[in-house]
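Colleague: Using the sequences and the hints, build the whole thing.
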Amino acid sequence: MQAGSRTIHTKRIAVGLLLAIALLQQTALAGPEDDRKAFVAFYQSRFPDIPLQEFANGIYAIDADARQQWQDIEEFPPYEFAIDQGTALWAERFANGSTYSDCFASPTAGIRQLFPRWDADHERVETLELAINECRLDNDLPDLEYGSDELASITAYLAFEARGRLVDVQIPDDDPGALAAYEAGKQFYYTKRGQLNFACYDCHVLSVSQYVRADRLGPSLGHPTHFPVYRSKLGGMISLQQRFSGCVRDVRAKPFALQSEEFRNLEYFLNYMSNGLELNGPGARK
Amino acid sequence: MQTSKRILLKGIAALGALAVLPRAALAAVWPTAAFSSTVAKQAMTELFGTDQTTPSDQIVLRIPEIAENGAVVPVSISTTIENVESISIVVPKNPRPLVANFEMLPGTLADVSCRIKMGETSDVMAVVKTDAGLFSTAKEVKVTIGGCGG
Amino acid sequence: MAPVRASRFNAWRILLSLALPALSACATDYDRKLEEAEQLRVTAAEAGAEWLRTESLLQQARQAASDGDEESALAYIEAARFQAEAAIEQAEREAELWQHRVIR
Amino acid sequence: MASNIKIKATLSGDVAQIKSLMMHPMETGTRKDADTGELVPAHHITQLIFENNGTPVMIANFSTAVSKNPYFSFSFRGAKAGDTLKVRWVDNLGASEEFETALG
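Chains as they are written, first to last, in our numbering: chain H, 1 to 286; chain A, 1001 to 1150; chain X, 2001 to 2104; chain D, 3001 to 3104.
Simulated from the structure, these hints should not be mistaken for lab results. Heads up, a few of these hints could be off.
[Unchecked claim] Partial selection, computed: residues in chain D whose CB lies under 10 Å from chain H:
hint	residue
1	K3008
2	S3012
3	K3019
4	S3020
5	L3021
6	M3023
7	S3067
8	N3069
9	Y3071
10	S3073
[Stated by the list, open to error] With a straight-line Cα cutoff of 35 Å, these simulated DSBU-like cross-link-like pairs (lysine-lysine) come out:
hint	chain 1	residue 1	chain 2	residue 2
11	A	K1142	H	K233
12	A	K1041	A	K1142
13	D	K3032	A	K1142
Where a beta carbon is used, it is the ideal one built from N, C-alpha and C, also for glycine.
Modeller: See below:
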């Protein structure tokens, strides 16, 4: 009896150990690329009739009536004024004779897709907005306010120039900080917050395409490709992080500041999930 | 400001010479009473002299069934009816039902699009004025209260 | 405006503390509860979990207090405290739970 | 400075399709300012006039219920490449703006 039960016990421990090792291995293996593949696979199995690239159009890939209205607005979208303003701002010479172009090594069509990126020097995720203000700082100019029309115009212009390029966010493996930032963004995405106790995941994965009052929830895959967007509701442009801020407020949590570490990490994670999709900003949304 | 003064003067001149000026100059007067009216029938009477229209299937009114956003509802109106003088958009449940009025001039085709605001669920009427009278078609557009949007 | 109101409230409290020792205990109670609730809110914020209205509830409490409405002030503090505690619990729970949602 | 009026014109045969977009707040006069709580006065385009080589081809009369940053499109016959299309708007406060473009 005693020997028998001990054997069973040992067996249990062995099985338990094996399971633990398997789990550990799985966790160890589940790097960003596995996350992304699983993320994409979820949406593809949830919407088998929607071609992958269509996800860049957000909810308009799913809702035909809304898509028609969106296309009507895209006939002559109000964000064209923002692109014009951004074009003019981009061309302006600073007092020292330099321009924004001088801050970036790439041609204008090659800038948007470099961001968000891991900035090893500052040990942080650098967004396009941050890079534009870095450029201003280097030229002794004051920051543009995050959420300002001026900044949105410049990003709208750069987004327009980069249309058709692919999202290609890199997580350099020679710097553990990059992976940590990605993981922090991922944790944010899956963490419930606010009085309504919702995670990004709850609306945009679990309940994707369901109604929240009169709105249908859009997929997270492809969400970052079309920002900044002209919002009909506001009659102006907003950045991706302003959208984050709106979502956080909508679940009754106190929003983080624009360009806070939390939001930049989330932007890093979300963009990584959309790697391979076409950039199609600026966009028009309700 | 200079330009606007000139336009104002033109408007006054047009008012003073209603009888002799061609239709183009006539139309340069914004129909204040019709646009100020809070009742659709009254607005139409102010604009056309009557609120009676003949339903017509020769008018194509393209408008969403459910507005994504009441602040921006795309509308397109075209018609094969001949000798169109004007096309108007009337939203009876809006605080000011007459939304817009487009004057057709010689050569203008009866095919217009714009984006309008709707305060609540309502019919949207396209009214086509021709030398043979008023024709119309209408569609209901549901305006809902958003959740989070875009 | 605000400093004037605050001093008026202080004067009112001093008056009360002279005349009604029992009620003056309430005023101290208010200070202590406000401080506690504020501390909890800060803890929730540090966990990145503060709810939307907690801060404005505390602001409403201060406003009610400066208007001399101690009952409302205490009710606002209580509501803020509830939110802050719930947010902290939520953050503690989520520190582990989020991992179970990750799409694999 | 970039213009506040944008035109996209396409010619097919002698028919020109004109799409226009204007930057204008189109205030209804019934909206309250979020900060002050005061009504924002009505401010909207009243007329939009298109002329081709000096001949009016469309007069659009707008109420406050045309969306912010108005879009308007129409077509007319009798156009040819090189024609000058002029658009001018006037608003209820007496402001106006115009823009010219060549067809084709």
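Colleague: Now tell me if each hint is right for this structure.
Modeller: The hints, checked one at a time:
The beta carbon of K3008 of chain D is positioned within 10 Å of a beta carbon in chain H (closest approach about 6 Å), and the interface hint is therefore held. Interface restraint check: S3012 of chain D against chain H, minimum CB-CB distance 16 Å, threshold 10 Å, status violated. Hint on K3019 of chain D holds. Least Cβ distance to chain H is approximately 5 Å, under the 10 Å limit. Interface restraint check: S3020 of chain D against chain H, minimum CB-CB distance 8 Å, threshold 10 Å, status holds.
Evaluation of the L3021 of chain D hint against chain H yields a held restraint, the C-beta minimum of about 5 Å falling below 10 Å. The closest approach between the C-beta of M3023 of chain D and any C-beta of chain H is roughly 5 Å, which is under the 10 Å cut-off, so the hint is satisfied. Here the hint on S3067 of chain D is kept, as its CB sits about 8 Å from the closest CB of chain H, short of 10 Å. Nearest Cβ of chain H to the Cβ of N3069 of chain D: about 4 Å, under the 10 Å cut. The hint holds.
Using the Cβ-Cβ criterion of 10 Å, the hint placing Y3071 of chain D at the interface with chain H is satisfied: the shortest such distance is roughly 5 Å. Interface hint at S3073 of chain D: satisfied, since its Cβ lies 7 Å from the closest Cβ of chain H, which is below the 10 Å cut-off. Of the supplied pair hints, the one linking K1142 of chain A and K233 of chain H holds, its CA atoms being roughly 17 Å apart against a limit of 35 Å. Of the pairs offered as hints, the one joining K1041 of chain A and K1142 of chain A holds, with about 21 Å between alpha carbons and a cut-off of 35 Å not exceeded.
Using a Cα cut-off of 35 Å, the hinted pair K3032 of chain D and K1142 of chain A holds, with the two alpha carbons roughly 24 Å apart.
Checked against the numbered hints listed earlier, the structure breaks hint 2 alone; every other hint is satisfied.
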